[in-house]
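The listed protein sequences correspond, in order, to chains A and B.
Its first residue numbered 1, the first sequence is counted upward by one per residue in full-length UniProt numbering.
Its first residue numbered 1, the second sequence is counted upward by one per residue in full-length UniProt numbering.
For the record, the hints were derived by calculation from the structure and aren't laboratory data.
Ideal placement from N, C-alpha and C gives every residue a C-beta, glycine not left out.
The reader is advised that the hints may include incorrect statements.
[What the hints assert, rightly or not] DEER-style ranges, computed between Cβ atoms: (1) B:137 x A:53: 52 to 62 angstroms; (2) B:476 x A:42: 55 to 65 angstroms; (3) B:452 x A:86: 55 to 65 angstroms; (4) A:16 x B:452: 54 to 64 angstroms; (5) B:1016 x A:53: 25 to 35 angstroms.
[Stated by the list, open to error] Calculated lysine-lysine pairs in the BS3-like style (CA-CA distance at most 30 angstroms, straight line): (6) B:234 x A:98; (7) B:53 x B:275; (8) B:215 x A:59; (9) B:73 x B:275; (10) B:857 x B:956; (11) B:472 x A:59; (12) B:491 x A:59; (13) B:899 x B:783; (14) B:491 x B:424; (15) B:222 x B:73; (16) A:98 x B:491; (17) B:491 x B:1038; (18) B:53 x B:424; (19) B:783 x B:896; (20) B:588 x B:138; (21) A:98 x B:222; (22) B:956 x B:896; (23) B:896 x B:472; (24) B:53 x B:222; (25) B:138 x B:260; (26) A:59 x B:73.
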Amino acid sequence: MFEEAITQNPATPPPGARVLAPEGEPIEFIYNGHKFHIHAIVSRWRESGGWWNRISDGKNRVNEENIFDDGARAIWRVEAAPVGALATFEIELDEVTKTWLIRPTSRPA
Amino acid sequence: MKNFTHLRVASGYSFKYGTAHANQLVERAAEFEMSALALTDIDTMAGAIRFTKSCEASGIAPILGINLSFIQKKYRVTLLAQGGELSSLYRLVTEINLNNSENLLTHLLLERFSQYSRNLLILHGPESQLAQAIASRKSHEALSIFNATRELFANQALECVSHLIRGDGALSTSYAARILNFARDNNLPAVLSNAVRMLDRSDGPVADVLDAARKLVPLSSKSVNRQNSEAYFKASSEMSYLADEISRLAGERDGKYLLKTTADWAERAILSPRKDIGIGEIHLPDAQSLGAKNQSELAAQLRSRCEAGLSRRYIGAKSVVAASRLEEELSAIRTLGYESYFLTVADITDMSRERGIRVAARGSGAGSLICHVLGISGVEPITHGLLMERFCSPLRGELPDIDIDVESARRLEIYGAIFEKYGKRCATVSMVETYRSRHAIRDVGAALGISPMEIDLIAKSMPHIRASNIPKALANLPELKHLNLDTPILKMAIELAGRLDSLPRHLSMHPCAIVLADQGLGDYAPQQINASGYPMLQFDKDDVEAIGLLKLDVLGVRMQSAISYTLSEIERIEGAPLDIDAIALDDKKTFDLIKSTRTLGIFQIESPGQRELVGKFAPNTFNDLIIDISLFRPGPVKSDMITPFLATRHGLRTRPRIHEDLEDILSETEGVVVFHEQVIKIISIMTGITLAEADEKRRQLGDIANQQAFCNWFYPVAVARGYTNLVVNEVWEILRAFASFGFCKAHAAAFALPAYQSSWLKTHHTAAFLAGVLTHEPGMYPKRVILDEARQWGIKLAPIDVNLSGVTYRVERTSDVARAPYLAPNVASSGEVLELPDARGFAIRMSLSDIDGIDSKEVANIISGRPYLDLADFVYRSGASRPTTESLLMVGAFDKLHKLSTSEINRRDLLLHLQDLYRLTGSKRTTGQSQMTFELQAPSLEPSGLPDITASEQVKSEIDILGMDISSHLLEFYGDFLNKIGAVRSSDLIKHRSGTSVLVAGVKVALQTPPVRSGRRVMFLTIDDGFGCNDITFFEDKQADFATVLRNSWLFLVRGEIRRTGPRGISLLGTGAWELAISHDKWRNLAVYGASGL
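Whenever a hint applies, use it, and build me the whole structure from the sequences.
Have a look at this one:
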């Protein structure tokens, strides 16, 4: 079920990390080839802004729903474990490109 | 609680902060099935009534509050009115505005006005002093802040807000949780809000631009308030999720308790749109304000004043008709209880006249006999068939609207008198300025850091349109095409400007509306002091109408000032006063002038379009003038009433007679239904209902959806009264076609009166009238065109003279021979011979105020120092600055003093002399302060032998310094050229056949691009050539080639095809336009280098 969810369309696999988030909230992810299960969300936050800089940088990623690339992203700081030790990660969803990013963090927030 | 209630919502009325319109927020709440919604704008309640109306329409219960600075500027709280206590909030907001210039609710104010605050709820949100004490872990301090205001409010709550900001600062979840913890620890109520400022997440960029615009800085991470886009209008489920997150972090199981308290607080603050907010109420001035004890005394007062006025204005048989009409009107007023309304307006017009200020009524009020006999309106309603029912009737649930026109120059005197007499019962009304294209482009451009020059260029090229129409304008207007708008940053700027469209930008004072109510005005609306120092309701004119406040528009009309000035000049020159309000309305010479189309300066009929219309129409009576003004309104123009009317009037078409009952009504306007009054009468006659009922039916016709219902009712009733199907059919066709486009005759008649009066003055006192027009500039034409007009009637233009010129334009008698006055070419095709004024023997002396850069104090000093013996004397005593003195010299203000016309000395010698004078007295001399002492004799004035200034140099100085050509017309210098190429004088145009192609030249008077029915842009150019004006129409096919020239040039050579449209109606269809100077140069070069022809 997990594999299906993250590779819905094998022909064009989504770029970025693989995260399972059936209702928008991440539940599981693959990091360094290991499957991690999220035990707890330590905190979550959202960031956006700076769209005006991306125009002059030529990095404006626009699509039909976003005329302005406002750089919106949602971040979860989670405690997750493969089998065994618990670790802390930050999972970020880039809402413009719908790609996931995973960063291990040294300590829980 | 299933559905969340947002207790803190900033709409667009939070100027340059909120991104959503109040109605959008209400609609979203309805979509989310919320039952109540608060509006808590920043520092203002200006959106309250619009918000309430939307709420009522959507079935949402309104809650009203305000977000303001509390204790210190940097701390903000939100106040909410408890149910039934809205007036306490209004009163407190008013007191804050009156007593604190920074909109800051201080502790002192709070204690002083605790009788109001005790009825209010306060939310201590994340920006409050209380929350910040909690965040700094100063619980004791926080508690004492809370306790300090415990007794001063009905209740206090802590407001938890999480915008999911990273970390634990303000607006983070953990910050909200800490506030919740504090509330729980101290057993204080806590509520949840989202501090909403946008409708959707995607509105973030708009919020950023508004932040930058508000702070007047370019966009940067420092200038914007937000770190993400969470301050949007979230649904109940999202709010419930947040409540859970915050509560869990605060150690609770879930967010139920937080949501429950929020719902309880919302419940306490719900207001009734009718009972609390007063939608649909009526608050007229009270009897006491008019010196009466009660309503029946008021009625008696109204009756006795009306009867006195009636016996003054009507005699004989007419007075019997008038008396019975008065009874009808009085009985309607008694039913409505509007006595105080009429008496108050009459009181104000009386106050104006006592001060010698001219007043005229405007609008449908002129249809009421009561308005006429009380002296509010000058037009006699019975003779002109004006109806009271169009203005006010017991069947209509809205307050009638009387507007009065007063002299613009003295309007504020009337304001002063009204405020003095009515005090707390009156206030001015606000006006919401919204973003339109130019402002939007400017603010977005500044925020994005686009160079000011580039932005300025785009903004100035923008027509005055809605910001959302910018892309369309850019695509369609040829003169905007050269702007390179394809860069990403400009594309984005245009997109953003469109998103700012129609957002409120600023609250300013409505230019002319005053609300007059009873003593309780402060309970019905919040007030502030506006920039002019008047108390101003935070509500606009629609809002005050919705809550039943009587609004009186006191409009400053420059024409009334011009007429007043004209009358004073006539009295000064001729030694006898003139009562312009008593002149007969059938003066033939006056109508001759109107028919000649030489109507520049006259009220309402001076525009190019109107000159064309009076030329076609040839009005002969006052009633014709009323028709003329009505035909020129957008409705009649749109439905093309003019063509059939004129065709019948000039006998080119025979009008079918529909039915003898309607003959009186229809014959007035040649069978075309022009007036609302006609529609009312037709309906009333054919169906037997009263005029008041018929007016209700007429209103129904205005709405296409209701037309069928009208038709279904009309046919059987009219047939039952004996009209044949054929007649009913025809009438229905007319009603359907014209009813919604007609114009209120009373309104037109009210305009026709000053139009006639100004025509009469121009005819019989041409110089005094034009001096009035020059002094008060009532119309659309620049002064130089009016000056030229004066010249054409044989009036001398007397130059500025240091000993003779005044602050204003003054009339002088003169024996100088001026040029022969204009005579209308009475060629066969132009109809009857017209008798036109001859104003020879008069001069208009130019005013000192027109000198570029002169100020009113300088003018006063110059006048008080008179007479001056010579230039040196003037320099020493007048207190005029050096540039002013030089300007005066250049325009000839010393010519007479130094007898230049008969002496050796010329103006260049005077200039040299002036330099000597200044060299001698040193450059330190400042205006009128230090007394000059002469150690040396003043330098002597001698002829230098230099040539005098040429005529063209003279005109150039006049244009530079005064902005107008006085000594000769600008075009005279091109005389040779224009004669050679066979250009036609405007006054000779009428001698040419329709369809001829001609060349004309002139100075730009006006360029108009009015919206037209087809949506295709038409440019109307008016130029003057010293013999009158030419009006040239350019259609779209010519604009690509000539729009830029038309916009940017001043002197034109134009090619056009003549269109004859009536006895004296003439216009040109433009086929080419060039800059005159360039054409002239080309011609001269050709002449010099021997090429042939132009």
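If you check each hint against the structure, which ones fail? 1, 4, 5, 9, 14, 20, 23, 24, 26
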